[in-house]
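For reference, the chains in residue letters:
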Amino acid sequence: MAQVITQPAPETPPRKRRAWRGVLVGWSFILPNFLGFALFTLVPMLAAFALAFVDWDSYRTPEWVGLDNFQRLLRDETFFVALRNTLYYAAGHIPLTLAAALGLALALNRRLRGVGFFRTAAFFPYITSLVAVAVVWNMLFNPTAGPVNQILQALGVDDPPRWAASTDWAMPAVIITSVWRDMGYYMVLFLAGLQAIPKEYHEAARVDGANAWHRFRRITLPCLRPTTFFVVVMLTIQSFKVLDLIVVMTDGGPGRSTLVLAQLVYREGITEGRFGYSSAIALVLFVIVLTVTVVQFRLNERRSDR
Amino acid sequence: MIASKAGKRRRFVRCTGVAAALALAVTACGGGGGSGEQASGGKTTLTVTVWNLAKTPEFTALFDAFQRANPDITIKPVDILADDYPEKVTTMLAGGDRTDVITMKNVTDYSRYSSRGQLVDITDLATSADGAKLAGLPAFNVQGKYYALPYRQDFWLLYYNKKYFEQAGVKMTDHLTWDEYAKLARTLTKEKGGKKVYGAYHHTWRSVVQAIAAAQTGGDQLGGDYSFFRDQYQLALGLQKDGATLDFGTAKAQKSDYKTMFESGATAMLPMGTWYIAGILSAKEKGATDVDWALAPMPQRPGATGATTFGSPTAFAVNRRTEHADAAKKFVRFAAGPAGAEAIGKVGVVPALQSPEITKAYFSLKGMPADEISKKAFQPGKVVLEMPVSEHTSDIDTILNEEHELIMVGDKSIDEGIGSMGDRVKSEVLD
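Taken in order, these protein sequences are the chains called U and W. In terms of the numbering used here, the first sequence has 149 at position 149, counting the first letter as 1, and numbering is strictly consecutive. Position in the second sequence counted from 1, then plus 1000, gives you the numbering used here.
In isolation and in its complexed conformation, chain W is listed as follows (with noise of 0.2 Å):
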């Protein structure tokens, strides 16, 4: 009895030091995380936020370039679910985190990051002689001041199914009107042995109505006034109407994405950025898709010159808490220079730096659609950043983001809609 006493208060001292073990192994994983070190032999571990890796073949171009070019420096990718990367990296940040460059995927988050003083100055670097010839720099510019450096300048085009076209017989052209576009997209819509073909995909997102519209009208976003989008508006909810775009609701509730819609021959045209051009060219590398595809510029209002757009860079940023503040802005100025660019050109995606021999060289890619139209398309006249930078920027964002649902699901109407954004974006943000 007394023996079975003894082995049981063993057992619990046991049990107790196992316990505390775990308790501070918990500790532990809350204290560190996602810090670079310095590996032995004098070499530096980079560590960088990527969002996922596996399907952005530029993040591995970018790192081989760069790690070719300094062997003293290993990259070390933190991978991140490109759906969660903005909630992540916010959270991330906010706990302290010394992750050393920060990949900035948009202007939106941006702007949150460096009014919070989350990122290191990189002035130097962008006014210096490289630095100021990248497209998209403006946009990280705040009160004079630059906490990113832009590698890719994205915009939107149109991107269509030839097959299609020349299956009904009409012709794209390079100057396109968007009355001109609603009435292919209508021709276009059809049913193909029970399944539907839309004429046009517009994804979910606002900007696909309300970015354009700024682009195209000069409007501003940030401005409290929103009768600028009316035109747009009135156009996506007709074609809606008509059935020749996929109904919003149902776009949302099946998360709909833009690529399956495109690669599998459902939509005929797709207003998107330049991003998916590598998403093609790999899924057609791969034989995921047989889709004959094509560019061209984006529709424009009646009687505009030029083609106008919108788009927007993306940028690596330095961590306020880095401990390899130099190596880290090596990186940096590597990924927006020449060398950057040429790497990830070859994978299909748009480099900042721009010039008439990395754009001859994109066109040359294994798979790029290489007719006149398409060529056009890659040199938009005017390319206007997506939202404007400014404290209100996320705050705004949210508004026209609900009321851009409320008005394509039917909820509120054009004018309904447009007159609460301007309501709300005055009492709630600008007051």
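The following block holds chain U by itself, in its conformation from the complex (with noise of 0.2 Å):
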């Protein structure tokens, strides 16, 4: 096959045509995936940007209101409930998640008898349905007969936290939760991260004497940076994007204390027809994960160049 291209055709066609080609083909190849990123994300992002200066209910016209939208952002107390619980699910979620997901790996990247069972276990919460993961972890969580409060309980603790009924508890039973769901996929990457290490920085290492824990904090960890640069990058945009299991396990309460921007988005937009206050939340949404995967971004060469 290399050979075919190496080799000169009998008939070359002109140069231009033939990068015309090219560029042709390679838009033929991304085009299926292209025309549904941009009919379904692209075409729609687009109008929901312009939507964030309009007053729209769906059915009539489009009335012109420039940053009301925005002004009324700044007034409302929701808005800012939901902010600080998106800001809060993800100081949860991230570090918990990552810790969660790279012990794990590091657990499971050794020969072990039955490693690809235990592998496949921690990645089962990831593909199991989220709804059947929600209503699972209810019951578990359940303040008064679930098997979490019975355990602790039993370990001395004579006043457990009341979980998804209580306002203090429901945000960190959802993180728990949601760590339990995500930590498997988050594995994977770092398995095949560690399995890129070569052996031979251990070897050295173990040879000059190098205990464990050194070895993890200067081989392990500078090697997996561009995993986990990945997995901080995905995992900040999933967790301020959050809302399926949120909706499922507590829909925002009790009261407003679960209470997420996707989900005032979705209720703003869909359930009360406010299309446009409800653009202009998903915009300052987006403007802030773009902000934070930016700095992430610019953090991260600062450091590939030191």
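It is worth saying that the hints were derived from the structure and are not from the lab. Beta carbons are placed, not taken as given, at the ideal position from N, Cα and C, and that holds for glycine. There's no promise every hint is true.
[Unchecked claim] So the derived list for chain W, only partly shown, Cβ under 7 Å to chain U, looks like this:
(1) Ala1094
(2) Arg1116
(3) Gly1249
(4) Pro1369
(5) Leu1406
(6) Asp1411
[What the hints assert, rightly or not] Stretch-level coverage of chain W by chain U, calculated; a stretch enters the list once three of its residues show a Cβ under 8 Å from a Cβ in chain U:
(7) 1082–1091
(8) 1251–1257
[As the list claims (entries may be wrong)] Sample of chain W residues facing chain U (criterion: CB under 7 Å; computed from the structure):
(9) Glu1402
(10) Asp1415
(11) Glu1416
(12) Ile1418
Both chains are given apart, each in its own frame, so use the hints to dock them into the complex.
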């Protein structure tokens, strides 16, 4: 095959035409995917940006209102509650999932009997139906008869948290569930990263007398940096966009204690029919995620320059 | 070599063809959806949104009766999961769906759709001689215009387990006060072979506390002052604290089902809407439960005269984007009329059109309790609309629901909760 390409063809078409053909072939390869992306993601996204500056109930003609939606946002207490909850969720979900996934990957990156089984088991939550996950964890967290609190009571905790039935513990309950669900997926990414680290590094370090902690600190972590960076970026985006698990587990409650931005976007848009205001919130969410991601990329670049 | 290259190119062309066809198929799916179509032979097909078709016998009863009376029209139900119904219909209408008849599951959603201009004005049907007699019709009055016609009128009453009452040696009366209700609930609470039987089950909906308080005190749920909820919250929290009702947090966590609570004998009393009568009748007929049940009027405040309860009508409306407006209006009128009332009454559903004959036919249904208290429960003195309709209804509903949860899980005291309901409704909605 390689031979065919390197061999000059008997009649070489003009260079320009050949270049065009390459572009067209390239485009046609990404066309099916790009078409779907453009139709279902790009166009709606751009439309949502425009909608943020109008008042529209999806039925009447949109009315241009300039920055009204954003002014309203600044006065809307519920928006700030949702923003705070989203940050709370991200602050819990990102580090915990990262730690759990890395820990699992390290534990399962060795020659153990049945390691395949454990890897599959760890990945299982990720491919389980989210509704089932939420319902089962809700039962586990049942404040009066749930196994979690029964275990806590057996361990001597007299007044165990009321989890989803209390404003203070509902978010931790959601975070625990989401960490459990997501860690398997990121574990697979970390496992791939770990296996790409040349064994020689560890062997050399061992010969030099480095202990396990030193090897982890000085070899494993630095070598994993591209993977870690990717995982952190994905986790951040995922955390800020969280919706599904919360809708099924707590539906934002009790009160507004687990209401997040994505849910507010849905509620204002689909339920209340205020598509302009909903798009304004979505735009703010987009800007937040974009900023955080750009900052992460910058930090990563600076560190790789060193 | 050359041949294999050509083969590859051919395969590539075929692949792009398939991909393009797929893309077209996907976009085609996005474009259509739910419109009524003209079937062959001049027959009109009407599409109607319904929820849980298999478990809601009234729809089938109604459609069958309508099709018998109008052989030129076929009804095609659009079945939607009951829990998702409001969101799904909202999304459908927002997306320009052409389903002909939209069932209004509650008045709050009706107020949204009508204020957005998504429904056909059918004031002519509502103000006709037949229409004006319908119970619950005033709820659909939007500045003198009507966009839906109720076909059933549900109201709340008290279901109770006769066996537990006999075992405890207590008697149900037809004029219970809330204090007597609370006392009964505490008496009836017991452990039975390791299984707990609650004296009462209060479902997690805010109406169980708030709508009954509003109906019986005359309080306005859209007003911004909610001190009239206080007594009812004290009662509900008191019973919860004494273990006479299932704890709110647990009920939420388990997504507990009032039907299961009552039919499995986990509760002795259950304040609930009349729609559940059809549910028990069919569960008993299938042999799914052997609960020995009867009805009583809702408990009342001390010194109240007559029985006041709350309720809400269910209605049919015509989609503004329908292509069969005449057939759709015909169906709406039929459902609300005598023939529709007869059809749904037979399956245990309370029709909006009420007359002594219809009530009599209703109580002669197989499995209906025939005692005097049950019959009295069926004729409440006054039925107040569950939630008044205005442009603010849905926003206020969200706030009242959030604060209800906080009071019921004990995160806020009754006074704090009632205070923040008022503050939030005033600052976030009414201003």
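Structure-based check of all given hints:
1. For Ala1094/W, the suggested interface contact is upheld, since its CB lies about 4 Å from the closest CB of chain U, less than 7 Å.
2. A hinted interface residue such as Arg1116/W counts as satisfied when its beta carbon comes closer than 7 Å to some beta carbon of chain U; here the least separation is about 5 Å, so the hint holds.
3. Taken as an interface hint, Gly1249/W checks out: its beta carbon lies about 2 Å from the nearest beta carbon of chain U, inside 7 Å.
4. Because the beta carbon of Pro1369/W sits about 33 Å from the nearest beta carbon in chain U, more than 7 Å, this interface hint is broken.
5. With its C-beta approaching chain U no nearer than about 4 Å, Leu1406/W sits inside the 7 Å limit, and its interface hint holds.
6. The restraint placing Asp1411/W at the interface with chain U holds, with a minimum CB-CB distance near 5 Å, inside the 7 Å limit.
7. Coverage of the stretch 1082–1091 of chain W by chain U holds [criterion: at least 3 residues with CB-CB distance below 8 Å; count 4].
8. With 4 residues having a beta carbon nearer than 8 Å to a beta carbon of chain U, the stretch 1251–1257 of chain W meets the requirement of three or more and the stated coverage holds.
9. Here the hint on Glu1402/W is kept, as its CB sits about 5 Å from the closest CB of chain U, short of 7 Å.
10. For Asp1415/W, the shortest C-beta to C-beta distance to chain U is roughly 16 Å, which exceeds 7 Å, and the interface hint is violated.
11. Among the interface hints, the one on Glu1416/W is violated; its C-beta lies about 11 Å from the nearest C-beta in chain U, farther than the 7 Å criterion.
12. Contact between Ile1418/W and chain U, as hinted, is not supported at the beta carbon level, the nearest pair being about 14 Å apart and thus beyond 7 Å.
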